[in-house]
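Q: Residues per chain are reported as follows:
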Amino acid sequence: MAGSEVELLDFWASLFGMRVRIALAEKGVQYDYKEENLTNKSQLLLEMNPVHKKIPVLIHYGKPICESNIIVQYIDEVWQNKYPPLLPSDPYLKAQARFWADFVDKIYDAGRRILNTKGEEMEKAKTEFIDGLKVLEGQLGEKPYLTGESFGYADIAMVPLYCRFYALEMIGKMNIEKEYPKLIAWVKRCMERESVSKSLPDPHKVYEFLLERQKKIR
Amino acid sequence: MAKQEDEVILLDFWASMFGMRVRIALAEKGIPYEYREEDLKNKSQLLLESNPVHKKIPVLIHNGKPVSESSIIVEYIDEVWKDKAPLFPSDPYAKAHARFWADFIDKKLYQIGRNLYTTKGEEHEAAREEFISCLKLIEGELGDKPYFGGESFGYLDVSLIPFYSWFQAYETYGNMIIEHECPKLIAWAKRCIQNKESVSKTLPDLEKILAFVQHLRKRFGIDE
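Taken in order, these protein sequences are the chains called A and B. FYI, in numbering that gives the first Met the number 0 the residues of the first sequence are 0 to 217. FYI, in numbering that gives the first Met the number 0 the residues of the second sequence are 0 to 223.
Warning: the hint list may mix true and false statements.
[Claimed, not checked] Derived DSS-like pairs (lysine-lysine); straight-line CA-CA distance at most 25 Å:
#1 A/Lys133 to B/Lys55
#2 A/Lys105 to B/Lys183
#3 A/Lys53 to A/Lys215
[Said to hold, decoys possible] Residues from chain A that keep clear of chain B, each with C-beta distances beyond 10 Å, as calculated:
#4 Gly147
#5 Ile183
#6 Ser194
#7 Pro202
#8 Lys214
Think of the hints as simulated: they come from the structure by calculation, not from any bench. Every residue, glycine too, gets a C-beta built ideally from N, C-alpha and C.
Starting from the given sequences, assemble the full structure and let the hints guide the process.
A: Printed below as a string of structure tokens:
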């Protein structure tokens with residue numbers, strides 16, 4: 000029975016799923032992980048997320064919560080008595096954390112287009128992606144984490160992308176490691192947290208998966 | 000957090016549905032503020048400094064500190080001025096539910112609505128169908144409730160009602176009559192305008208928005 004009050008419908012390579020896994024781990028919440036076959040979605044997934052039919056979906060006492068950033072906020076609010084807080088309590092700092100998590104979604108979108116398009120469209124996506132990373136590098140500055148001294152909501156939103164850096168470098172012909180030293184230092188700092196290192200899959204496995212998927216699309 | 004001498008400035012553009020969300024939230028809470036109209040073809044130094052990442056309106060500047068992105072601003076307003084007219088329920092699940100639908104509106108409704116007046120041919124027909132599907136989904140979420148928030152006007156009502164001011168434009172360029180497709184949604188919109196001064200005083204005339212969209216189409220060379 001332990002953990003069955005919380006279920007997570009997910010897919011191993013999903014960046015959005017990783018956000019939720021990290022948040023649950025940070026709070027030490029027990030849960031049942033259910034791997035979805037995205038080419039053959041379960042009845043449960045289609046019922047729990049009829050609007051988008053996408054993972055991740057958190058099911059808490061049978062009630063679904065969808066959209067990764069919304070799920071992370073939900074986790075922070077429900078388990079607010081468990082350390083650490085994922086969002087600051089100060090409204091202004093909270094708004095900043097939300098702003099940066101929202102910005103990260105745009106970087107994710109550009110990253111997705113790098114992997115799924117070619118030619119001019121890919122070049123455009125690359126430019127947007129690089130511009131986004133530059134902004135994050137600037138935002139980090141001398142701070143240990145994206146919005147200050149503590150690991151939190153914005154970091155959780157961004158750090159899953161690390162497991163795709165290798166794939167993006169290979170497919171997009173970029174050098175992230177070299178161009179963004181602060182970002183890389185931040186990644187290493189985040190990866191020292193068990194919640195992160197245990198939630199991110201091996202970058203080479205991710206690369207193989209994305210290559211396979213690309214073959215099917217192109 | 001909210002002091003007697005709060006300085007609140009809103010950088011905005013009259014036709015922006017995102018800006019309208021913020022104006023409605025501020026009005027709901029009875030917060031005095033300075034409205035500054037931006038010329039989007041010639042953005043002010045203050046806007047560029049307050050939102051260097053996106054350079055977009057709306058931006059709320061509270062005691063010199065800027066907050067950007069309409070949904071984020073509305074949540075901020077609700078948290079700072081929490082003692083009056085709460086926009087969010089306190090239950091985390093109900094909150095997540097409201098945020099989900101506001102996110103749906105942002106991801107789907109806005110972009111598809113835009114396609115209604117910027118595309119032609121097959122793309123336009125697809126946009127038209129998608130738009131009606133979206134509205135029907137949203138109407139389904141309303142059900143028989145007076146407001147999306149239930150008995151009271153809340154976050155999701157604030158997020159969606161500005162789109163009503165664009166309905167005449169959507170109908171004209173989308174070649175549809177929204178009331179035929181989604182009568183409950185129209186009833187809800189009229190209820191908001193009738194019962195909420197924050198809404199009736201904020202929403203511009205539908206004809207003015209239509210004229211604005213006509214002007215946009217000319218500017219971007221989209222022929223009839």
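Q: Which of the listed hints are not met by the structure?
A: 2
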